[in-house]
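Residue-level listing of the chains:
There are 2 protein chains.
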Amino acid sequence: MKYLIGIDVGGTSIKNGLFTNDGELICKWEIPTRTENSGENILPDIAKAIDEKLAEKNIDKSEVIGCGLGVPGPVNEEGVVQRAVNLGWGYFPLAEKAGELFGIKAYGANDANVAALGEAWKGAAAGYANVVMVTLGTGIGGGIIVNGKILTGCRGAGGEIGHMHVRDGETKPCGCGNYGCIEQYASATGIARLARERLMENDDESLLRHVGSVSAKDVFDAIKQGDEVAVEVGQRFGDYLGKALANIACVVNPDAIVIGGGVSKAGPVIFDYVKEPFEKNVFHACRQVDFLLAKLDNDAGIYGCAKLALDKA
Amino acid sequence: MKYLIGIDVGGTSIKNGLFTNDGELICKWEIPTRTENSGENILPDIAKAIDEKLAEKNIDKSEVIGCGLGVPGPVNEEGVVQRAVNLGWGYFPLAEKAGELFGIKAYGANDANVAALGEAWKGAAAGYANVVMVTLGTGIGGGIIVNGKILTGCRGAGGEIGHMHVRDGETKPCGCGNYGCIEQYASATGIARLARERLMENDDESLLRHVGSVSAKDVFDAIKQGDEVAVEVGQRFGDYLGKALANIACVVNPDAIVIGGGVSKAGPVIFDYVKEPFEKNVFHACRQVDFLLAKLDNDAGIYGCAKLALDKA
Chain A
210 MKYLIGIDVG GTSIKNGLFT NDGELICKWE IPTRTENSGE NILPDIAKAI
260 DEKLAEKNID KSEVIGCGLG VPGPVNEEGV VQRAVNLGWG YFPLAEKAGE
310 LFGIKAYGAN DANVAALGEA WKGAAAGYAN VVMVTLGTGI GGGIIVNGKI
360 LTGCRGAGGE IGHMHVRDGE TKPCGCGNYG CIEQYASATG IARLARERLM
410 ENDDESLLRH VGSVSAKDVF DAIKQGDEVA VEVGQRFGDY LGKALANIAC
460 VVNPDAIVIG GGVSKAGPVI FDYVKEPFEK NVFHACRQVD FLLAKLDNDA
510 GIYGCAKLAL DKA
Chain B
210 MKYLIGIDVG GTSIKNGLFT NDGELICKWE IPTRTENSGE NILPDIAKAI
260 DEKLAEKNID KSEVIGCGLG VPGPVNEEGV VQRAVNLGWG YFPLAEKAGE
310 LFGIKAYGAN DANVAALGEA WKGAAAGYAN VVMVTLGTGI GGGIIVNGKI
360 LTGCRGAGGE IGHMHVRDGE TKPCGCGNYG CIEQYASATG IARLARERLM
410 ENDDESLLRH VGSVSAKDVF DAIKQGDEVA VEVGQRFGDY LGKALANIAC
460 VVNPDAIVIG GGVSKAGPVI FDYVKEPFEK NVFHACRQVD FLLAKLDNDA
510 GIYGCAKLAL DKA
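Protein chains in written order, with the working numbering: chain A, 210 to 522; chain B, 210 to 522.
These are computed hints drawn from the structure, not numbers from a lab.
Among the hints, a few may not be true.
Copies of the same chain look alike in the list, so a pair counts if it works inside one copy or between any two.
Here are the simulated DSS-like pairs of lysine-lysine, each with C-alpha atoms no more than 30 Å apart in a straight line [stated by the list, open to error]:
#1 Lys521 - Lys358
#2 Lys426 - Lys474
#3 Lys521 - Lys270
#4 Lys266 - Lys433
#5 Lys484 - Lys381
#6 Lys433 - Lys314
#7 Lys474 - Lys314
#8 Lys262 - Lys489
#9 Lys504 - Lys474
#10 Lys474 - Lys266
#11 Lys358 - Lys306
#12 Lys211 - Lys266
#13 Lys433 - Lys237
#14 Lys433 - Lys306
#15 Lys381 - Lys489
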C-alpha cells in the first residue's frame, strides 16, 4: 500500500486529504491559511500538518508517492506559481519549495484545474478521458482534462473559460478588467444580474419581485415553480453558457462536460437551459457530450491534487 | 540513422515525405488519390509507393521508426477514422490497417492537426510547446498543440475551430449546417463575402469595385494601397478572428498562434487587424502570445505526420 496527499490551498483555509494510491480517501482535515508576510507560513504550516498526520497514521514518508498542491492562481507545468494574490504569493517555485520542505515529492497546479482532475478521476466524470469542468460560483472557474491530464497551457492559465468573451457592447467591466466575459452572465452573480435586468424591462408579475435581493438560487427556485420571468432569465443564462460550451467543445472535443459550483446545486434543471443552445451551435463532430453535475463538492480539489501527484510522480 | 515517413492523404493527391529521425526531409513525392470503390486502393497505393522509395534509397523497413498518416476527417487517438468523405472512407481503423499493409508501425491523425504539429516541430512555431494553428483557406482548419502533442479530443475533432459560433442572427448556413461559424467570416470565402456586403452598404469609392469578383487577396491588396473600404473589411475580419482566437487562448493558453492557408499569403498585414481585438478581449494571463505566419506551406502535413510517428512509436 502506498499513499498520496492532496492539498487544496484556499485563501481562508487549506484542505488536506490523505489517500491510498488507488484513490480512496483515508482522512481529510483543514488548517487555516496564514497569508500574512507574503504567505511565508503557508508551506511550513502544511509541512507540519503532514508530519503530524503521517505520525498519527504510522506512515513513513517513503510510503508516500507524492503530494499535489492546488492554488488559486496560474501554475505552470513545472509547478511554478505565476501569482496567487489571495495567498500573498508572487512568482514562486511552489513544487520545488514544497518538495524540499515536506521531504516528499511535490507538484503544483491551479485549483480549478485540479478540481476538474478530481471530478474526472473519482467524481462525476470518472471513466471519461476528455472533460471540461465549469464551476459556477461567485465567478466562473474552469478546468480542461485532455487524455486524463490537466491542460495547463504555457503559463498555467489553461481552462480560464470564465473570461471567454461572449457579449459585445457590455458597459460594465468584469472583475478581470475586460468587458463581456461569460462570468458576467453565467456565474451566480451574473445570473442575479440577468434577473435584475429582466425585472426592470417591464412590470410582468414574478416571484422574483418578492424576494429582497434576487440570487441565482431564487431564479432556479422560481423556475421550478413555473415562474415565466424566471424561465426567461434561465434561457438567457443558458444561451450564454451553452454557446460558450459549444465553442469550447469545438476546441477540445470533450466526452463530458461537468458543471459544479453553487449554481449547480439547482440540479439537472440547469441542463434544460444549457443543452439546447449547446447542441444548436456546436460542430456536429463535437456534439456527442454527456452533461454531468459535479459530485465531489469541496473535495474535488484534494482528489485532483492526489491524482496530480500520482500522474507526475 | 533511423527514418520517419509522413503521408498527407488529400482528396486529390497523396503527399509523401521521407525524413530522418531528427526531422530532416530527405525527399518528398506525390501520388494520386484513387477514391473509387470507397477508397479501397488508397492504402495499397501508399504501401507500394513506400516500398519503391525505400528500395530506391536502400533503406530496410527495420530502419523506419514509423509512418504517420494525416487524413481529412476526424481520427481518434487510436488512429481510427470516424469518417473521411473526401476519401470515400466511413469508420475505418486506419492505423491498424496501414500498419499491417505497410509492414511499418503506422499512426493516424486529422490533417489540420498534423499540419499544426508540423509547424510546431519544424515550422513557424518550432520551439513553442503550446500552439494554436489556424488555416485560413476556402474554409478554416485548426489544430491545437498542447505540450508538444496534438489535442485530439475524444473523437478526433479537437481543434475544429472553424466552427466556433461567433455571430448570432446569421441567416445563411455554414457548410457544416450551423449558422454563424467563424469560417463564414474569416476564411478566404468569408472575407470575400464581408467585402461584398460592405460594398453594398453604400456607394463609397473603392478599388474593390473595379475587380470582377472580389477575393480575399483583392481585399488585402487594396488594404496595402490604402483603400479605406478594404481597411474596414479587414477590421471586420480581424474583429471576428481576433475575438475567436482570444476565446481559444482562454481555453488552451498557447504561447504561439500560427496563421496559415491562402489568406496568410497576404503577410503580416493580417496581424494588424487580428491582434488588437485579440488583446482587447483575451484574459490577461493568456495575453502574452506570439503571432506567427506559417512557414511550411503544403509540407506542414508531411512534417507533422513524421512527428506523429516519432512521438507515438
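Hints and how they fare:
1. Lys521 - Lys358: both (10 Å within a copy, 17 Å between copies)
2. Lys426 - Lys474: within (8 Å within a copy, 52 Å between copies)
3. Lys521 - Lys270: within (17 Å within a copy, 35 Å between copies)
4. Lys266 - Lys433: So Lys266 and Lys433 fail the 30 Å test inside a copy (47 Å) and across (72 Å) alike.
5. Lys484 - Lys381: For Lys484 and Lys381, the Cα distance is within 30 Å both inside one copy (27 Å) and across copies (23 Å).
6. Lys433 - Lys314: neither (49 Å within a copy, 56 Å between copies)
7. Lys474 - Lys314: Answer is neither: 36 Å inside a copy and 49 Å across each miss the 30 Å cutoff.
8. Lys262 - Lys489: neither (51 Å within a copy, 48 Å between copies)
9. Lys504 - Lys474: Cα proximity of Lys504 and Lys474: one copy only (10 Å, versus 49 Å across).
10. Lys474 - Lys266: So Lys474 and Lys266 fail the 30 Å test inside a copy (35 Å) and across (65 Å) alike.
11. Lys358 - Lys306: Both: 23 Å inside a copy, 29 Å across copies.
12. Lys211 - Lys266: within (13 Å within a copy, 53 Å between copies)
13. Lys433 - Lys237: Result: close neither inside a copy nor across copies, 35 Å intra and 64 Å inter.
14. Lys433 - Lys306: neither (50 Å within a copy, 53 Å between copies)
15. Lys381 - Lys489: both (28 Å within a copy, 15 Å between copies)
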